[in-house]
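Below, each chain spelled out in residue letters.
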Amino acid sequence: MAKSFSNRYIFIYSAALVVVAALILTVVAVSLKPMQTRNQQAETKQMILKTIGVDATRDNADQLYAEHITDADGYYTFASGIVIPLKGTGLWGPIWGYLALDSTSTVVGAVFDHKGETPGLGGEIATDKFAQRFIGKKMDTQAIHLAKNADHSNPYEVDAISGGTMTSNGVTAMLAKAYDDYSKLSSSSSISSTTSDTSNTREEVQQ
Amino acid sequence: MKNFDLIKLPFSKNNPILVQVLGICSCLAVTAQLKPAVVMSLSVIVVVVLSNVIISLLRNTIPPRIRIIVQLVVVSTLVVLVDQVLKAYVYDVSKQLSVFVGLIITNCIVMGRLEAFAMVQKPWASFLDGLGNGLGYSVILIVLGFVREFFGSGTLWGYPVMEKLGLYEVGYENNGLMIMPPMALILVGLIIWWHRSKNKDLCE
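Chains as they are written, first to last, in our numbering: chain P, 2 to 208; chain V, 52 to 255.
Just so you know, the hints here were simulated from the structure itself, not pulled from any lab data. Quick reminder that beta carbons are idealized off the backbone N, C-alpha and C, glycines included. Check before you lean on any hint, since a few could be wrong.
Using 30 Å as the maximum straight-line C-alpha spacing, the simulated BS3-like pairs for lysine-lysine come out as follows [stated by the list, open to error]: (1) V/K86 <-> P/K34; (2) V/K86 <-> P/K130; (3) V/K146 <-> P/K130; (4) V/K146 <-> P/K88; (5) V/K146 <-> P/K34; (6) V/K86 <-> P/K149; (7) V/K146 <-> P/K51; (8) P/K51 <-> V/K215.
According to the in silico footprint, chain P covers these stretches of chain V (three or more CB under 8 Å from chain P) [to be verified]: (9) 111 to 119; (10) 132 to 140; (11) 220 to 232.
The following block holds chain V by itself, in its conformation from the complex:
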């Protein structure tokens, strides 16, 4: 596989959310607004890239029988590290993300990539794979965050777009369902539908 494919494929043809259907939990939880979705995306990219590289470097020394535990230790260490650094240097961002930084540990994408890729590939390829998958995840999160905040709260990044446009005065109302997690699931379903219709080879 060419290096460029490592970044390109997870973006569309092998998107972690749309095709592998991983990371759905956090994708429902943090996308009620755009800002947490973006910060969460960045944190996941950092963790998935670094853990991919570390596991790839260690891959020949890891006994297969305890590989899941080893992966978990590496991922947890990185996540706690990221959390501590955020708390010390960018306190406000860390507050914004609250519990979800910790929940990156349980994000299936991270361990999925470690198990499927980093355990058998060289560090540089693992780096690119982590980056690609992190970005593929981010794209969906940001799209969802945009749509849900815009239609659910009438704001974007906290800026009251709908109010400034004066739509409330002509009878427009925010769609309360948009900020509920089930709507995120429905939106993901719609995106997957559209994505499959564009990529017939993904249909079973």
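Just chain P, with the same shape it has in the complex:
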């Protein structure tokens, strides 16, 4: 193994290697970008449609979206209510979702997703099983929050994810923030709301 390499060789070698790697990645990233963007946009539409109970595939999402949803400023309206977007942070990265609310601020559909929560733990927020826990809950006088051993009869409480405490806390914070926006929106528009007190929306869940 006495083969020796000059410093010059090492510099040129590493520079060439990095340039080649960068070139390959650039070409691939640029050429795949349109497909990835299309996937992401279709997915957003699929998610919004799902909250109002319309199952769309990636191919017919555009068409169904045009039929059912109207874009408003920062939220979306459908036949019997509005869909509000949720944005927040989980344990490893961003989490987001959509809540469909009817005219009494009752949740009729929910959907959540995440960038990089742990599969099987925090990642469970993306499952239908988790989203269905929100149906029938209310966003009228306070935000919905997640809790351990939640009281199912409480319209503001939803079971958290076991093993996913940090992600669950992120979902709670995200809902509180969305509630603030939503209560401002509903008090300034025709959507009925009895909102006055927002101070107790961030009650921390005892763990």
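Could you slot chain V onto chain P? The hints should help.
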């Protein structure tokens, strides 16, 4: 060493997880359910095979002083490439794997094989070695994913087995510890114990 041994040995006698005790981190993280475990296995096989072959082809040109950096560049490039292709063509699978595709870069098995094997062996032997080690890793991941999802969530590949069997009605409850990472470590420990008892020559 015969070519067949290159595939067979990493499967049992020189298993990357059981014997070399590498790749433990991802093995704890992605095995709470069967599906991510399987997809992760496939991705690791692809990366370890391709990087083994590429490093083996380059082995005589790589200056020893910067070999780790060269290996890292090759592995990172491949992983980002795999990630981009998954996002474009199989978007759902890429979502399922989330952050763990990126973490293949830090999987000790990949660089372990490059350092120990591909730097000094011919491409075809490196290909087989990568395949063998990838499969050896996969076997353990899939076993763990199966056991943990079955006992921890009562499902398999998302299918509610326990519910269909009606076990919840007679008082059965899922074992919550199974879906926590420590249980994966305990299970790996048990598998290593069983494996050593079958292979006395591995005991120190």
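Violating hint indices (sorted, rising): Checked against the structure, no hint fails, so every one of them is satisfied.
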